[in-house]
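*Asks:* Okay, here's what each chain looks like letter by letter:
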Amino acid sequence: MIFGHFLKQGLASRYVQVAVLILLAVAVMVPVLNLAVPPGNPFHLPDHWVPLLGKYLCYAMLALALDLVWGFCGILSLGHAAFFALGGYAMGMYLMRQIGSRGVYGNPVLPDFMVFLNYKELPWFWYGFDNFWFAALMVVAVPSLLAFVFGWLAFRSRVAGVYLSIITQAMTYALLLAFFRNDMGFGGNNGLTDFKEIIGFDVSAGSTRLGLFVATALFLIASLVIISSVVASKYGKILVAVRDAEPRTRFIGYRPENVKLFAFVLSAAIAGIAGALYVPQVGIINPGEFAPANSIEVVVWTAVGGRGTLVGPILGAILVNAGKSWFTGVLPEFWLFALGGLFIFVTLFLPKGILGLIGQVKASARARREKRAAEQQVLAE
Amino acid sequence: MNDVMEKTPATAAGSQHPAQREHKAKFLLYLSGVSVAFDGFKAINNLSLFLEPGEMRAIIGPNGAGKTTMMDIITGKTRPDEGEVFFDGDIDLTKHDEADIANMGIGRKFQKPTVFETLSVEDNILLALAGQRRALPALFYRSNAADMAKIGEILDTVRLSDRRQDLAANLSHGQKQWLEIGMLLAQKPKLLLVDEPVAGMTDSETEETAKLLREIAREQSVVVVEHDMHFVRELGVKVTCLHEGSVLAEGSLDHVSSNQKVIDVYLGR
Ligand SMILES: Nc1ncnc2c1ncn2[C@@H]1O[C@H](COP(=O)(O)OP(=O)(O)O)[C@@H](O)[C@H]1O
Ligand SMILES: [Mg+2]
Chain A
-7 MIFGHFLKQG LASRYVQVAV LILLAVAVMV PVLNLAVPPG NPFHLPDHWV
43 PLLGKYLCYA MLALALDLVW GFCGILSLGH AAFFALGGYA MGMYLMRQIG
93 SRGVYGNPVL PDFMVFLNYK ELPWFWYGFD NFWFAALMVV AVPSLLAFVF
143 GWLAFRSRVA GVYLSIITQA MTYALLLAFF RNDMGFGGNN GLTDFKEIIG
193 FDVSAGSTRL GLFVATALFL IASLVIISSV VASKYGKILV AVRDAEPRTR
243 FIGYRPENVK LFAFVLSAAI AGIAGALYVP QVGIINPGEF APANSIEVVV
293 WTAVGGRGTL VGPILGAILV NAGKSWFTGV LPEFWLFALG GLFIFVTLFL
343 PKGILGLIGQ VKASARARRE KRAAEQQVLA E
Chain B
145 MNDVMEKTPA TAAGSQHPAQ REHKAKFLLY LSGVSVAFDG FKAINNLSLF
195 LEPGEMRAII GPNGAGKTTM MDIITGKTRP DEGEVFFDGD IDLTKHDEAD
245 IANMGIGRKF QKPTVFETLS VEDNILLALA GQRRALPALF YRSNAADMAK
295 IGEILDTVRL SDRRQDLAAN LSHGQKQWLE IGMLLAQKPK LLLVDEPVAG
345 MTDSETEETA KLLREIAREQ SVVVVEHDMH FVRELGVKVT CLHEGSVLAE
395 GSLDHVSSNQ KVIDVYLGR
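Protein chains in written order, with our numbering: chain A, -7 to 373; chain B, 145 to 413.
I should point out that these hints are in silico values taken from the structure, not numbers from a laboratory. Predicted model, so just to flag it, every value in this text is computed and none were measured. Some clues are possibly wrong.
[Claimed, not checked] Think about it this way: if two alpha-carbon atoms lie no more than 25 Å apart in a straight line, the pair counts; the simulated DMTMM-like pairs of lysine to aspartate or glutamate are:
id : chain 1 : residue 1 : chain 2 : residue 2
1  : A       : LYS226    : B       : ASP300
2  : A       : LYS363    : B       : GLU378
3  : B       : LYS256    : B       : ASP398
4  : B       : LYS334    : A       : GLU238
5  : A       : LYS0      : B       : ASP225
[As the list claims (entries may be wrong)] Ranges of calculated distance between the beta carbons of each label pair, as one might list FRET restraints:
id : chain 1 : residue 1 : chain 2 : residue 2 : range
6  : A       : ALA166    : B       : LYS239    : 46 to 54 Å
7  : A       : TRP41     : B       : ARG278    : 55 to 63 Å
8  : B       : GLU297    : A       : LEU129    : 45 to 53 Å
9  : B       : GLY275    : A       : ALA366    : 55 to 63 Å
10 : A       : SER317    : B       : LYS332    : 55 to 63 Å
11 : B       : ARG278    : A       : VAL353    : 55 to 63 Å
We treat Cβ as the ideally placed atom computed from N, Cα and C, and that holds for glycine.
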């Protein structure tokens, strides 16, 4: 009942309603166009498109998660890809253990890279990952715990602004270095790959990929509705208040550090789920996902779509990544320049991103209509 | 948050002499021998100030006298190097942080008007409304008639009823000052600290504000910092003049403004 009211607030936004409907339609249409429309028909969706679209939706979820903290609380995290990657690794560990004796070395317990590196037994932190539900729990728990500890220390010491951004970069960079090491027990440089099965389904089968795509779309919808409800609630107003005038909230009696911490942890959890959905669709997770530049790209997607609009970052992530797929096919060396140029363009000319532009166009159309109506009234008199 | 309030008397008051404790108990706000230095510069220098329950006090003094710093000390933003700061008899304010102190009943208006620009006027008051301050229960807060009525009352008091749904950013400077005072009222503090409320206001706004503060002072204790002598006269209350971090003179406005030292450092300039 309480929860119903909570969600109703989130669904009150017209943008959110439209986005949910479109995403639902996509979740239905992608399988239909892939399976029911025969190849050769111009409307047929080729098989390799399914995981690609699924990847875009994972990125969209990551951008949405970032928007909760950046758009609504002013925390410019430049380390959000770390939460995504940790969720991805937790899923990767499950997928590795599902390989079992089908690996190259045929060891029923140890993943191939461990056999190769002369591990005698499974490291303790790999225990339990043969169980899907345990792994699913870790997908949420590990990024949340890191966000909790990091946020608790940073927000309590009143680290904010540029300094906070820098230490989030340092965090993801430290994880990058750690995961590169072979003795960490996460496959080092090569990461985790060669997956075979997920909850009993062949990961490379077309039907599994469709299933993963639909699951991703549904998780994205759920994340959007939950985050939208969070920001529409009184808590969301406090969050914005902390963004606008943090000292004022203290002197009213709030504790901004706690307010920020909840948003940060929720955001990290959603980023972790996005990473977990990403890994089985792309078939690999490696330390490169922790690269500082990855986190910065997420900021660009969010800014392009429209910071603080929730729906905008989803749109931004999909458009920029579709652009990236196209660009890297045609002019691979120039992608980073294009991305940088796009960011500068958006910062200078579209401070509220694509969604802000839509809002502006609508507002000016309304103004023009009203002006015309007023003129006609004058003429009539 | 309330448990802090209940714990304090036992620990803080236990170490006091009975006579001293009784002395403190008479005052709502008790500052004695307070000093604070920034990089060796004494912004507050052996300052003592006592405010009785229900009293309204005006603080005047030249720029840099330490008026804002005094408020920072009372509200937990700045820790004094020396001296005692007690509230409501036996609460040692130097042992608490901003949020605790706010929840104990001290509200503060900043010198520069500070409201939540991207929230509506109504939401600004809603967030300040006395009550729950924890983050998570706010997720499930439901707007209700009682709260809406309280907000309506406060907006009537600060003359902003017709701007209720507007964004705070769209208010005029004077209206933002009033909104901030409204937020203070919503907190229902025992003590209001108001820093230069009429800076940048028109004459008629200034007069309205004086009226407003007098209304507020009927139920709450108020400390108001102000340069505008005309405004201080309108308030008609006891005046303390600060200079270089300590009290230069104290008493009625006529008494203080006829003090030669006050004329030399402040009024005469
Ligand atoms: N945080 C601070 N760091 C350094 N100096 C400060 C700080 N806060 C106040 N001061 C100095 O203390 C003095 C008193 O300032 P303030 O209390 O703002 O004066 P007033 O409000 O009476 O004009 C000023 O000289 C100011 O520069
Ligand atoms: Mg001042």
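*Asks:* Now, for every hint given, state plainly whether the structure supports it.
*Replies:* Here's how the hints hold up against the structure:
no. : hint                            : verdict
1   : A:LYS226 / B:ASP300             : holds (23 Å)
2   : A:LYS363 / B:GLU378             : violated (47 Å)
3   : B:LYS256 / B:ASP398             : violated (29 Å)
4   : B:LYS334 / A:GLU238             : holds (23 Å)
5   : A:LYS0 / B:ASP225               : violated (51 Å)
6   : A:ALA166 / B:LYS239: 46 to 54 Å : violated (37 Å)
7   : A:TRP41 / B:ARG278: 55 to 63 Å  : violated (47 Å)
8   : B:GLU297 / A:LEU129: 45 to 53 Å : holds (49 Å)
9   : B:GLY275 / A:ALA366: 55 to 63 Å : violated (45 Å)
10  : A:SER317 / B:LYS332: 55 to 63 Å : holds (58 Å)
11  : B:ARG278 / A:VAL353: 55 to 63 Å : violated (41 Å)
This entry does not satisfy hints 2, 3, 5, 6, 7, 9 and 11, going by the numbered hints stated previously.
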